[in-house]
Structure formats: C-alpha cells, structure tokens
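Student: Could you build the full structure based on these sequences and the hints that come with them?
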Amino acid sequence: NAGVMQNPRHLVRRRGQEARLRCSPMKGHSHVYWYRQLPEEGLKFMVYLQKENIIDESGMPKERFSAEFPKEGPSILRIQQVVRGDSAAYFCASSPRWGGTTEAFFGQGTRLTVV
Amino acid sequence: AQTVTQSQPEMSVQEAETVTLSCTYDTSENNYYLFWYKQPPSRQMILVIRQEAYKQQNATENRFSVNFQKAAKSFSLKISDSQLGDTAMYFCAFMKPLGGGSQGNLIFGKGTKLSVKP
Chain A
119 NAGVMQNPRH
129 LVRRRGQEAR
139 LRCSPMKGHS
149 HVYWYRQLPE
159 EGLKFMVYLQ
169 KENIIDESGM
179 PKERFSAEFP
189 KEGPSILRIQ
199 QVVRGDSAAY
209 FCASSPRWGG
219 TTEAFFGQGT
229 RLTVV
Chain B
2 AQTVTQSQPE
12 MSVQEAETVT
22 LSCTYDTSEN
32 NYYLFWYKQP
42 PSRQMILVIR
52 QEAYKQQNAT
62 ENRFSVNFQK
72 AAKSFSLKIS
82 DSQLGDTAMY
92 FCAFMKPLGG
102 GSQGNLIFGK
112 GTKLSVKP
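Just so you know, the protein sequences line up as chains A and B, in that order. For the first sequence, the positions run 119 to 233 when our numbering is used. For the second sequence, the positions run 2 to 119 when our numbering is used.
What the hints contain is simulated information worked out from the structure, not anything from laboratory work. Hints should not be assumed to be uniformly reliable.
[As the list claims (entries may be wrong)] With a straight-line cut-off of 27 Å between C-alpha atoms, the simulated DSSO-like cross-links for lysine-lysine are:
| no. | chain 1 | residue 1 | chain 2 | residue 2 |
| --- | --- | --- | --- | --- |
| 1 | B | Lys74 | A | Lys162 |
| 2 | A | Lys162 | B | Lys111 |
| 3 | B | Lys97 | A | Lys169 |
| 4 | A | Lys145 | B | Lys97 |
| 5 | A | Lys180 | B | Lys97 |
| 6 | B | Lys71 | A | Lys162 |
| 7 | A | Lys180 | B | Lys111 |
[Claimed, not checked] Computed footprint of chain A on chain B; a stretch qualifies when at least three of its residues, placed anywhere within it, have a C-beta under 8 Å from a C-beta of chain A:
| no. | region |
| --- | --- |
| 8 | 19-31 |
| 9 | 108-117 |
Think of the CB as a built atom: it goes at the ideal place given N, C-alpha and C, for glycine as much as any other residue.
Tutor: This is the structure:
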C-alpha cells in the first residue's frame with residue numbers, strides 16, 4: 119500500500135508562470151488536506167477536500183490559488199501567476215475520515231521555488 | 002482561534018541522553034487532540050505520538066512520551082535514550098474534534114530543531 123504520493127518533489131517556476139502540484143492520497147482515503155510550509159515556519163492549513171468537493175478553503179489565499187480533487191485522479195493545487203512569496207514547501211495529507219483520532223498521513227511535499 | 006507555541010527554536014542533546022521539548026497551546030475547547038510530528042531532513046512528516054485531551058494518562062510510544070498538563074495547556078515531548086536518527090525538526094500540533102465547524106485540520110507550532118550529538 120503506497121503512501122501519499124506528491125509530485126513533483128521539486129518545482130521551479132519563473133514569476134508569472136503557473137504551478138501545478140499533485141497529490142495522490144493513500145488507497146481508500148477520500149479526504150485530502152493541503153498545507154504550506156514557509157522557511158523556518160510550521161505548516162499552515164490551506165484547504166480541505168473530499169472527492170469532487172471543497173469542504174474548507176479558509177486557509178487559501180483568495181486570489182491565484184485553487185484546488186480540486188476530482189472523482190478520478192489526484193488532487194491538484196494550482197497557483198497561477200506565481201510570485202517569489204509563493205516559494206515554500208507544499209504538503210498534502212490524506213485521511214480515511216476526518217477528525218477523531220485518525221492519523222493524517224503526509225506526503226513528502228513539493229518544494230516550489232519561484233525565480 | 003487556537004494557537005500553538007513552541008518556545009525553543011533549537012535544542013541539542015548528547016546521544017543516549019534524555020531531552021524534553023516544550024509546547025503550549027491556547028484553546029477554549031474542552032475536547033481536542035494533540036500531536037507531535039517529526040520532520041527529518043528528508044522533509045517527510047512523521048507522526049511521533051498523539052494524545053486525546055479526554056484521556057488523563059500520558060501517551061507513550063517506545064522512547065517517546067508526553068507530559069500532558071490540561072489545566073496548564075502544556076504538552077511536552079520527552080525523548081529518552083536519544084539516537085542520532087532523532088535529529089530533526091519537531092512540530093507540536095493541535096486539532097479540534099469533528100463538528101462545530103471543525104474539519105479536522107491541524108494547527109502547528111513553528112517547530113523545534115533538535116540535534117543529537119555523538
């Protein structure tokens with residue numbers, strides 16, 4: 119049973135380009151969380167999705183950022199017109215159900231560098 | 002809003018010794034969950050230990066144990082017999098239970114960088 123898979127591991131984008139980050143949850147998990155980790159900081163919640171639904175996007179910037187988790191395929195975090203401040207590590211976590219004592223399993227993250 | 006504070010940006014310990022990492026949090030909730038995550042240089046987030054607030058007994062996982070003081074809102078992590086492989090960033094995290102607007106997302110502290118020296 120593969121763990122949470124994120125790709126790419128490293129992504130370099132020029133200012134103004136688009137970044138697409140992918141997350142395949144563990145088999146059987148239908149709940150996905152995205153977090154952002156700025157340098158020297160802890161992880162900050164961005165968005166929570168279930169299949170085909172955005173449940174909570176309270177941590178996501180209002181502009182340029184979007185997320186989806188389609189019925190088939192991985193969850194995608196999309197950042198349009200990237201700026202230097204978007205440089206960070208982006209982590210995805212999946213869970214078979216939300217809350218409780220269920221462990222959230224994290225991927226290895228995507229390190230986005232905007233040049 | 003809940004907050005998690007880790008007051009020790011960096012710590013070091015000699016191999017085989019014991020070290021305690023501190024964490025305090027602020028919440029008005031009575032029931033919640035607390036976690037310690039380890040992030041080695043590989044960046045993988047690894048769950049070390051978790052504690053349910055309604056349980057008085059402190060959680061233990063092999064060499065890792067917590068000192069959970071609910072009234073003081075304190076949740077420290079003790080690592081016994083430290084090993085070189087324990088070198089990592091350690092994050093304390095808080096989660097509200099389901100319902101009342103909670104979606105199960107984690108609130109993290111800023112982390113403590115632990116170095117285990119040979």
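Student: Does each hint fit the structure? Answer for all of them.
Tutor: Now for the hints, and whether the structure bears them out:
1. With a C-alpha separation of about 21 Å, the suggested pairing of Lys74 (chain B) with Lys162 (chain A) holds against the 27 Å cut-off.
2. With a C-alpha separation of about 10 Å, the suggested pairing of Lys162 (chain A) with Lys111 (chain B) holds against the 27 Å cut-off.
3. Annotation: proposed proximity of Lys97 (chain B) to Lys169 (chain A) holds, straight-line Cα distance about 22 Å (limit 27 Å).
4. Under the criterion of a C-alpha separation no larger than 27 Å, the hint pairing Lys145 (chain A) with Lys97 (chain B) is consistent with the structure, at around 25 Å.
5. At roughly 24 Å between alpha-carbon atoms, Lys180 (chain A) and Lys97 (chain B) fall within 27 Å of each other, so this suggested pair holds.
6. Between Lys71 (chain B) and Lys162 (chain A) the CA atoms are separated by roughly 24 Å; this keeps the pair inside 27 Å, and the hint holds.
7. Note on Lys180 (chain A) and Lys111 (chain B): the hinted pairing holds, with a Cα-Cα distance of about 24 Å set against a maximum of 27 Å.
8. Residue count for the region 19-31 of chain B with a Cβ under 8 Å from a Cβ of chain A: 0. That is fewer than the three needed, and the coverage hint is violated.
9. Taking a C-beta to C-beta cut-off of 8 Å, the region 108-117 of chain B contributes 5 residues in contact with chain A, enough for the three needed, and the coverage statement holds.
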